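*Asks:* Sequence:
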Amino acid sequence: MFKRLFIAVILLGLIVGGIVYFKVFRDQMIAQFLGGMTPAPVPVTVEQIEPVTWEPGIDAIGTALAARGVDLAIEAGGLVRSVDFKANDKITEGQVLLQIDDASERASLAAAEAALDVALADARRAQTLSQRGVSAANTADTAEAQAKSARAQVAQVQTQLDSKLLTAPFDGVIGIPQVEIGQYVSPGTVYATLQDLSQMRVDFAVPEQQIGALKLGGPVTVATEVGGFSATGSILAIEPRVDANSRMVTVRALVENTSEQIFPGQFLRVRIGLPAEQGVIAVPQTAVSSSLYGDSVFVVRAGEGEGALKVEQAFVTLGRRNGGRIEVTKGLAAGDQIVTSGQNRLTSGAAVTIDTSVALDALADQ
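Numbering (our numbering), first residue to last: 1 to 366.
Rather than coming from a laboratory, the hints here were simulated on the basis of the structure. Treat the hints with care, as some may be off.
[Stated by the list, open to error] The calculated SDA-like cross-link candidates involving lysine to any residue, where the alpha carbons are at most 20 angstroms apart (straight line), are:
id, residue 1, residue 2
1, K86, V185
2, K90, Q199
3, K215, G294
Computed from a predicted model, the values in this text were never measured in an experiment.
Can you make the complete structure from the sequences, with help from the hints?
*Replies:* Next comes the structure, spelled out in structure tokens:
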């Protein structure tokens, strides 16, 4: 009995020892194999840093306003007799737009003109008799006063008559008619909008820290979100106070809109041009990686072996942005070669190969 138990213990020990030895041997072989492997170089695109001419600017969001734009309103109430325009017509100053029924005013004008004729005749007669000494001087004065009153009455009725004929105050494009023929309208009713689209005002706001860079007449570029249209202009006015709530200052620019592709109320992207600066180091924004430790880029260096390349992670201090590029104030020097795509697969010291045939978007998605 004891002999069989001893043999079983020895066999169990041999089996367990064999399993442990095999596991240790396998782990050693795997570690040796992996330790001898060299990762394949990562394909990346690069750019060599050269000082550039930096064109700084102030970016803002603006709203377009017509340099001349009004809502046309009825001056005197009554029935609409004619609407002499269509939507989007080109209107010239003084053009008749709307006619309100004026029959009553025309009759009143005829009566006032007749009364004026009588008053003028009486005044001439009284003046003649006074000169001949037949009548008193005050009679001639009374007749002259009555003539002046009659003349004022004609002018008053003529003003009422003119208020029934509505004309354009300036050249522009008219909007959709808001009244119809035969409709009764009251004074103050808006019947259309008239906008001069040849020039546009653009209102926008900039932070108070940038007030010092603003100046009247400074260049401004505006762009639309739809169609990519852009126009140039200049700063027309700067609000002489800062909003206490937003800490922003309101600015108004005037831009040329000869193609009439900017409309009142439209959303615009505004850029105020500032003097150009020489010798600025700027890199593509795609080359910069951000983390909790800061902003960094990968710089290409010579590796071990002929033609071998590797990358080093360099932390940088960033400055202003302009389009797709960003200023680097510290951490890079002219002549450095940086990775512009494919850096999401890199670590400091990783081997790389420059492959300009690989699409930037494809590398960025890997």
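*Asks:* Going back to the hint list, which numbers does this structure go against?
*Replies:* Number 3 - this is the single hint that the structure violates.
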